[in-house]
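Student: This is what each chain is made of:
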Amino acid sequence: MITDALRAAIGAANVIEDAAEREYYSWDLSQEPLQVAEIVVRPGSAEELAAVVRIAHEQGIPVVPRGGGISYTQGFEPSVAETVLIDTTRLKTIEINAEDSVVIADAGVTWEELYLATSAEGVRTPYFGPLSGRFATVGGTLSQNSLFYGSGLYGTSADITTGLEVAGVDGKVLRTGSWAQRNGSPFSRYYGPDLTSLFLGDTGALGVKTRAALKLIPLPMANQAVSFAYDTFEQAYAALHEAAKLEIAAELFIFDPANHAIYRKLGFSFLEGVEWSLHFTVEGIDDAIVDASVDILRGIGTRAGGGGREIDPSLPLAMRADPFGGGLRGFVGSEGHVRLPVHGVFPFSKVPAAQRGVVELIARNQDVIDRLDLRITFLTAITRGYCVFEPVVWWPDSIGPYRARHAPEDAVAKFGSVPPNLEARAAGTGLRREIALLMSSLGGTHLQVGKWYPYRDSLEPATYETVAAVKHAFDPRRLVNPGSLGL
Amino acid sequence: MLLEQIAPDTALGRADSRWLPVPPGSVFAELQKIMPDEIPMVKLGLRVAKPLMPFVGDKPLYAQMLDAGFAVMGVMPLREVLLGRVGKLTGVFAPEPRVRDKRALNEYAVPGHVKTVLAFQLAQEERDGVKGTLVTFAVRIWGVDAKAQRLIKLAWPVGNAFGGKFASAWLVALDRRLSPTS
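Same order as they appear, the protein sequences are chains A and B.
Heads up: the first sequence at position 45 corresponds to 218 in our numbering, and the numbers run straight through without jumps.
Heads up: the second sequence at position 147 corresponds to 151 in our numbering, and the numbers run straight through without jumps.
By construction, these hints were calculated from the structure, which means they are not laboratory data.
Possibly wrong hints are sitting among the right ones.
Stated by the list, open to error - Dumping the calculated DSBU-like pairs for lysine-lysine here, alpha-carbon to alpha-carbon at most 30 Å: (1) Lys587/A / Lys157/B; (2) Lys587/A / Lys265/A; (3) Lys587/A / Lys151/B; (4) Lys92/B / Lys135/B; (5) Lys63/B / Lys151/B; (6) Lys47/B / Lys151/B; (7) Lys135/B / Lys157/B; (8) Lys54/B / Lys438/A; (9) Lys37/B / Lys92/B; (10) Lys587/A / Lys644/A; (11) Lys54/B / Lys418/A; (12) Lys587/A / Lys345/A; (13) Lys54/B / Lys37/B; (14) Lys37/B / Lys151/B; (15) Lys157/B / Lys438/A; (16) Lys438/A / Lys587/A; (17) Lys169/B / Lys92/B; (18) Lys54/B / Lys92/B; (19) Lys92/B / Lys47/B; (20) Lys169/B / Lys151/B; (21) Lys169/B / Lys438/A; (22) Lys151/B / Lys265/A; (23) Lys587/A / Lys37/B; (24) Lys523/A / Lys418/A; (25) Lys54/B / Lys265/A; (26) Lys151/B / Lys438/A; (27) Lys47/B / Lys37/B; (28) Lys169/B / Lys37/B; (29) Lys135/B / Lys54/B.
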């Protein structure tokens with residue numbers, strides 16, 4: 174019996190068979206559950222995790238790795254019921270090597286834990302986490318790839334990775350980059366072919382990450398921001414585009430009127446009457462450097478796109494103060510709506526077309542949107558060199574097991590007993606899929622591909638065949654997260 | 005700390021601290037939710053002298069401070085957030101004039117005005133084997149010109165006492181929210 178073998182390997186307390194717990198671990202935020210895992214395991218070390226993968230493989234049972242659980246593209250949802258789901262959140266070791274500017278973090282370390290540990294030593298990872306970093310783990314994020322804090326300067330989570338440690342199906346642990354040198358350490362991603370890249374953004378399809386090595390930079394001691402108001406998205410985007418090319422802002426993003434309504438309730442009353450707002454955060458070693466960048470961005474913001482009106486920059490600064498605090502609150506609306514993003518990653522030139530396309534799609538579906546009380550809001554954010562355009566679809570619905578456990582108490586108290594609204598859910602998830610197809614038709618790619626975005630159908634056949642061949646080389650029996658990336 | 009960078013040596017001020025057995029992220033999230041009725045002096049004021057109070061009863065105090073013209077002057081993620089504003093000594097919570105950032109606060113020079121900065125500072129600290137956060141609520145106030153500075157010095161004993169009560173009550177409210185058994 175696999176259960177006995179797993180108990181022997183990692184301790185009975187860390188093998189979960191309770192039905193409600195298995196359901197909680199098996200469903201993400203997408204409101205589109207697949208299967209419930211047969212067993213959930215919680216290994217406490219990389220060695221225990223590797224043992225779990227080996228045991229499952231020996232018995233021909235699929236494994237699915239799960240990080241913080243806060244994704245929404247079915248990445249960790251089991252595609253078959255006979256699955257061992259591996260919760261990695263007990264893997265918590267952090268080794269900071271400030272001298273070599275590298276930190277090695279276990280897969281289960283959250284971005285908030287990593288930031289607190291590194292900043293206490295006067296350093297930080299260049300990209301330092303997603304908005305959901307209170308829950309999102311290093312392993313999960315690298316499997317999905319993500320952006321936000323620091324991305325305008327340093328790119329995505331993948332861009333700061335110098336090496337990975339991955340448990341293969343046979344239980345062997347593979348290291349990448351200079352970490353694989355027999356006497357080496359993970360100071361560089363490159364040593365021969367870049368194997369690290371194979372596992373970044375793989376949604377856990379090629380192996381189970383146990384540890385990651387990430388770059389470190391000195392902790393920026395100065396943080397400032399500058400914000401602008403515009404009448405139209407096009408105006409705000411023109412300024413965003415011009416500023417993004419300079420790569421001097423750490424975060425660059427546009428909020429829409431619906432986002433402003435949320436933040437006005439939190440005290441940002443200066444957003445009253447603002448249609449579209451553009452925000453830049455700048456960081457550096459001292460105020461003089463930061464102020465110089467702010468002045469450049471102020472010039473762009475007040476000139477580009479016909480000229481914006483400078484507004485109070487308190488919003489991006491407040492977000493930076495508590496960078497990971499907005500994560501889950503953002504998935505439960507203040508009126509009992511669930512909110513789910515859907516995004517496209519685009520070159521700068523394609524974003525206006527994507528925005529227009531979504532506006533037209535909304536207009537075509539306005540009757541259903543009004544009747545079922547659906548809403549769609551927009552977040553546009555930059556990572557170094559390109560743009561993520563992310564509509565967020567809202568609809569009234571039950572909040573599901575993950576939100577019920579982790580959303581702020583006031584939201585759970587208010588909306589925890591809202592019954593399922595299957596008609597609104599079907600309309601909301603349908604709109605999300607239509608938007609995803611629209612993004613794909615415009616050449617958009619995706620972070621956190623999971624089992625939801627049309628990865629296979631969007632790729633040129635020769636490329637997909639290569640990806641499938643790589644999968645076969647690592648996992649010939651398709652036992653590691655089957656269905657992820659369509660594999 | 006950002007507070008020391010922005011406030012001159014001549015600023016008057018105080019700091020109140022409390023250790024809480026929770027990580028810094030939880031503190032930042034919760035301190036923004038404190039309601040007026042969780043601060044006894046504000047609760048009493050709203051009951052007996054509502055027209056004179058700079059607060060309303062149904063909105064978090066932090067949000068009301070932003071509404072009242074305090075702007076975020078600087079941050080260190082999960083360590084410090086600094087709010088600041090300028091105003092007349094008699095109208096610290098009046099909505100005008102507004103300054104939107106640190107540089108504007110530094111450059112503001114209209115005679116008779118005072119500058120006020122409030123800092124919420126968080127430091128990871130372990131006590132008796134329990135990981136927690138030392139939360140400090142600090143304030144600095146100084147005059148734009150000598151006359152305003154003299155007025156502040158005169159008013160400071162009252163302001164200091166009031167500020168201390170207010171800060172302590174805020175920290176107690178935070179503690180009550182984050183450690184229900186305390």
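Student: For the pair we were handed, Lys63/B and Lys151/B, check the Cα-Cα distance against 30 Å.
Tutor: Cα-Cα ~35 Å, so violated.
Student: Can the restraint linking Lys523/A and Lys418/A be considered satisfied, given a maximum Cα separation of 30 Å?
Tutor: Cα-Cα ~15 Å, so holds.
Student: Next pair to validate is Lys54/B with Lys418/A; report whether the Cα-Cα distance is within 30 Å.
Tutor: Roughly 52 Å separates the two Cα atoms, so the pair is violated.
Student: Take a quick look at whether Lys169/B and Lys438/A sit within 30 Å of each other, Cα to Cα.
Tutor: Holds, at roughly 27 Å.
Student: Would you mind confirming whether the straight-line C-alpha gap from Lys587/A to Lys265/A stays at or under 30 Å?
Tutor: 33 Å, violated
Student: When you check the alpha-carbon spacing of Lys92/B and Lys135/B, does it fall within 30 Å?
Tutor: 42 Å, violated
Student: Does the structure keep Lys92/B and Lys47/B at a Cα separation of 30 Å or less?
Tutor: Holds, at roughly 25 Å.
Student: Is Lys587/A within 30 Å of Lys157/B, Cα to Cα?
Tutor: 48 Å, violated
Student: So if I understand the rule, the pair passes when the alpha-carbon distance is 30 Å or less; does Lys169/B with Lys37/B pass?
Tutor: The hint holds at about 19 Å.
Student: Given the hint that Lys37/B pairs with Lys151/B, test it: the Cα-Cα distance must not exceed 30 Å.
Tutor: 37 Å, violated
Student: Is the straight-line distance between the alpha-carbon of Lys587/A and that of Lys644/A 30 Å or less?
Tutor: 45 Å, violated
Student: Given the proposed pairing of Lys54/B with Lys37/B, does the C-alpha separation stay at or below 30 Å?
Tutor: The hint holds at about 21 Å.
Checked against the numbered hints above, the structure violates hints 1, 2, 3, 4, 5, 6, 7, 10, 11, 12, 14, 15, 22, 25, 26 and 29; every other hint is satisfied.
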